[in-house]
Each structure stands twice: as structure tokens, then as C-alpha cells.
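Asks: Spelled out, the chains give:
Protein chains: 2
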Amino acid sequence: MTGKSLYNVAVVGATGAVGQKIISLLQEKKFPINEIKLLSSKRSAGTKIRFNDKTITVEEATPDSFEGVDIALFSAGGSVSKQLAKEAVKRGAVVVDNTSAFRMDEKVPLVVPEVNEEDLARHEGIIANPNCSTIQMVTALKPIRDHFGLKRVIVSTYQAVSGAGNQAVEELEKQVEQYMNKEEMTADILPVKGDKKHYPIAFNALPQIDVFQDNGYTFEEMKMINETKKILHDDSLSVAATCVRLPFITSHAESVYIEVEKKGVTVGDLWKVLEEQPGVTVMDDPATQTYPTPLQAANKEDVFVGRVRKDLDHEKGFHFWVVSDNLLKGAAWNTVQIASSLIQNNWLQKK
Amino acid sequence: MTGKSLYNVAVVGATGAVGQKIISLLQEKKFPINEIKLLSSKRSAGTKIRFNDKTITVEEATPDSFEGVDIALFSAGGSVSKQLAKEAVKRGAVVVDNTSAFRMDEKVPLVVPEVNEEDLARHEGIIANPNCSTIQMVTALKPIRDHFGLKRVIVSTYQAVSGAGNQAVEELEKQVEQYMNKEEMTADILPVKGDKKHYPIAFNALPQIDVFQDNGYTFEEMKMINETKKILHDDSLSVAATCVRLPFITSHAESVYIEVEKKGVTVGDLWKVLEEQPGVTVMDDPATQTYPTPLQAANKEDVFVGRVRKDLDHEKGFHFWVVSDNLLKGAAWNTVQIASSLIQNNWLQKK
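Residue numbers (the UniProt record's numbering), protein chains in the order written: chain A, 1 to 351; chain B, 1 to 351.
Keep in mind that the hints were calculated from the coordinates and are not lab data.
Among the clues, some could well be false.
Same chains, same names: a pair is fine if it fits in one copy or spans any two.
Derived EDC-like pairs: lysine to aspartate or glutamate, alpha-carbon spacing no greater than 20 Å straight-line [said to hold, decoys possible]:
hint	residue 1	residue 2
1	Lys151	Glu259
2	Lys310	Asp214
3	Lys82	Asp188
4	Lys182	Glu170
5	Lys229	Asp313
6	Lys316	Glu259
7	Lys193	Asp285
8	Lys197	Asp285
9	Lys196	Asp285
10	Lys310	Asp235
11	Lys310	Glu177
12	Lys300	Glu184
13	Lys229	Asp311
14	Lys151	Glu28
15	Lys151	Asp313
16	Lys151	Glu315
17	Lys4	Asp234
18	Lys54	Glu114
No experiment lies behind these values; they were computed from the predicted model shown.
Just chain A, same shape as in the assembly (with noise of 0.2 Å):
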């Protein structure tokens, strides 16, 4: 495979929010594709996606649909993650997995290109792409902790609906309307598809993302602890998550709480080394009120990081805020990246 130019591209999930943001990013940043197949669940065959000139027909994935491909790109959910993977490994595919399915084993790497390009290199098939909510926070945690060391962070999330699909994005436009319209709302999605109760996102707060888990954490809260050790190589460090999904569509944001191991570190030196780190953006100036926000974070592909300051009692402790689109550095473009990076390094051959 190495050497070639152009590669045979499947997109796995294409009718969902991260495959169509994944198709857009494939064009828009002119990735070197021969042949694309775009793949879905039996549901969505037939949806027709134009893709450059051509229009293309979505296929029903199934494990023949992987005979040629080089590269696959996973994201409809982690079913069908762990059904059909493995099976486009086997046909010589490598896979870059957008769900959890993978995210936890010792021999995938779970990679931020900005944070552990390297690992890349020691893949056996399969990359994972880690959680939207962890993604942007070890993309500023990075710099920190190259410079300052980093013993300890508590992060609490606001976490934007469409990271819970499109079926959540009209979930809350209905209850949105039927709240305008004084009538009651009504909830069949949220906060987790298919969990014994759901509760009405619009106008209100949901501190359960994903399902729990038996120490009363939420799988969400669990994949940031766990990727964020994974990512950054220490089982040390102390990482504590809460997470809230909340009535916007587009942009998660978080306030994260850190402390560093080095003495006498500033607040110009945090701002310093984030605004030095590929694929952050720092927006802090409380004088002209400027902070990122989800609104105007959606659409881009950086990292937004802002409202930086110490801690007032603790030394070596920090807070800031991270916004970045869930869609894009959190799914679609972490995942195009990853894939860049396999061929740009020719990491593609499996190990």
C-alpha cells in the first residue's frame, strides 16, 4: 500500500452527523481519494450523497463491502464497530474508529494527532478516535503538561446535543417548538437512546451522558478519566469528569480545573505555550469580554481556550475554559486527520 497516491476511502455511517461531516472535510480539504464508498445500515441504503462531481448511492455495509478499501472510517456506532471492523482489517483495510468500542484496548491506539501522533505508528489495524469531550480537553492539557508538568484535573462539561445524533438535534427543535407553542414537551431521545427514561432537553440540563456505570459515574464521565490517561501516557495522573448535556446543537464546552507540578507558574505562561499548540486558538481578554463560546466556536476546526486564570487559594492550580465543535476536532476532523497522518508518515502498513 505504501507509496500509492491515491487510496480507496470507505466512509462507515454516512448518513449520520459525524459521516456527513466527514464526507464534507474529505472534499473540502481535497484528501487523496481514488474511490469512495460510502456505507450505512440496511435503514439508510439507497440515500444518494454528492461527493465532488459524482453523486454517490449508499450501500448497506457488510463485510464484502471492505474487498479494496485502504482506509475505513467508522462512525455508526459501536455495534457495528465491533461487528464489522475487524472484518475490513481482515481484508486489508486500516480502520480509523470514531465509537468506544476500541478506544480501551491496549493494542489500538487511541490517538490527537496534535497530542500522540507517534502512536499511530504501532497500530494493528485499528485507530481509535477518542471521545468528542475528551479530545478537546487533552488538546490544551498538551502544552501544559510538556511545560508544567500536570498532576490533576477536574473537568465539568457542557456538552452540545448533536453529540447524541441527529435524532437529539430534532428532539430538541420539537421541544423547542412545543414549548414556544405552550404545549407540553415530549421525550423519546434523550439524554441516552434507547435507557429506561428520557427527559426534555430544551430549556433545562441533563447531568447524565451515556449510561451509568456501576460506580455511579456515566460512561461518558468514564471514557474522559480513561482516554485522558490513555492519550497522555499516565495512569498517575488524577482525572475527575462531570458531564452535562445542554439545549444547544453545536459546541461542547468545558471548565476544567488543573494543577501542574512546577512552582511559580503564570497565567501568561498557560497562554503562552496554548497559543504555541498546533490546533489551539486562545481567546482571553476579559477587558473586551472575549471568551470562546459554543455559537462561535461551531464550524472550526481548532480548540478554543479562554477565561484562563489561577486558582486563588492553590499555588499550582489553574482554570480555564475549552470550547471546541463536537463534530469536527471532536469527531469528523480528528478522524481526517488521523488518516492524513497514516499516509503522510506512511503508517499505513499495519505493524
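The hints should help you fit chain B onto chain A, whose structure is shown.
Replies: Okay, now just chain B, sitting in the frame of chain A:
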């Protein structure tokens, strides 16, 4: 004044979001009123408001409005309180002030009745009602501190638009309509009326509540930090806050991290003391997806606590989620509770 059984009460800011709630509660709780005066700015004077079986005309608040008033409940903004609270005291009234004007004044008790009711006894005419986001947090912290000690608090808030007044609520509703009609959203009020810049709150999150201070924290964040220490009488307590405005109308939510002093405390221990705390309702059962939300807490007087869990790395660390109606326990209800306590304890007379 002691021994009276009915009192002359003035409500200053009678047409505002909090004033309206105070008026409702005075009726609902059958507050022992002889005569009620509803006061406001010149602009709102003349408004007619039903109180029990009478229609009362709102009058412009002037120093002389307080002649003969026993209890004056202020919630018309800090500048009105600064101008008129001492005038009311001069004329014999006890003032319960719902603004930030006097909260950090050493001579002014800052009171949440379930937490530090006894501080009321030492008032000199003015009692301050704490900030909404502080009240609900300290109500939950109180029994934890009493039983297990408290070293540290880190809070990230999820605050409702009604905390910024009726105009902010109207702005959110206007922006939601603009959004649904695919028009551009216009912003003139939030994050802070009269500040330099305004951003849409609908489908967004604004990490600014009240104006920025020189230290990079917002005034709302400093209120939470300073008021918590004052109410709990503990200057050595570490408190950090990040305050965020969100697109819902009623109830603030808070993601709180605490470190207790005692070793070996369990989640069950926290549940127990929270359940015994007056004014607190525990709603916490992951198995049935039971936790408080802003919509559920709206129009209720209690502070609701859920998502109580132990930090996975720190033996004395715990996380929880606190929700309460910001206009009730966060403002009007706490104000009426203070006034009732003054009467019941014979504390109306100035010390």
C-alpha cells in the same frame, strides 16, 4: 415592635422577577401582614398588582416610602439598595436586601436560614440575602461541613437566564424565535446588561455572569467565593468558581467538587446527612436515572442534590450536582424565610 402580630411590609422592586415571586410567597405563606407597600422605580410606578383580595398600585420608591414600614424586602438592584436601604432603616424598618450592595459588609449578616440563622440576631437594620448560586451550594455544604469537615470546594455553575432578570428571559425567547425562523439572533442584554459586548444566549453558553474583576474572575464568581466563606464562617476554606449562563429560564445547577476533612467518609454518609438537612431533597439513583434537573426543580422551594459520588483518585474527594429554583430558594423564598425568622425569633429589633 416586638410582640406585634401583624407587620407593615414593603417590597422594593415589586415588578421585577424576584419581586413578583416575593409577593406570591407572602400571600401563599400567609405572612402576617398588616399593610403592604409595593414599590418600584419611577418607570414601573402605577402598575397594578393583586395582593390577596386587594388591587395595589405600585408606587415610586422614595426615602419617605418607608415611614411606618416594619420590614422592607429589597430586590431592585444594587444601586437602589445603596440609595434607599439606609433611608428605610433610619425610618425604623428592618431591610432584607437581595442585592450584592451590603453582602460583604462586616456589619451585615449574610444569611441562609438553614445554614446560619443565628447570624440574624446581630443585625443592625440590614440583612443581606446571598447570591442565588451561593445559597443553593451552601445549603448542601452545611451538613457535610458539620459532620465531616470541609477543606475545599470547586464549583462550575449552569445558571438560568432569569437570574439576569425579566428582560434577559424575553431576550432568550426572542432569540429562540429568531433561530427557529432562521433569522440572525440579536443580543442587547446578556451576558451583562450595560456591559460592552452582548452575545446570543439561545443555543449557546456564556462563561460570563456579571462583570469581570481585575483578577480575571467575574463578579459572580467572586460572590460565590467570598459569600461561601462568610456564610460558613471559614476564611480558610478554599473555594473556586466558574460561572456560566445557559439557555434555560429557571433553576441554577452546579457541578460541585469537595474535599472533606474526615477520612473514610462514604457516599452513603453524604446521602444520610443531606437527607437530614432541612431544605435539601436528595434525588440520587443512577439505576432509575434519578437526578435533579432545572425543569424538575422549577417552582419548588427545596435545594435538590444528586449524582453524589466519590472521587476515583482522592480518598476525601466527592462530586455532586445541586439544583434549585434561582428565583425561589435563590432569592424570593430565602428572603421571605429571613423575614419570617426575624419575626419568629423576636429579632426585628435592631441590636
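Asks: Among all the numbered hints in the text so far, which are the ones the structure does not match?
Replies: 3, 11, 14, 17, 18
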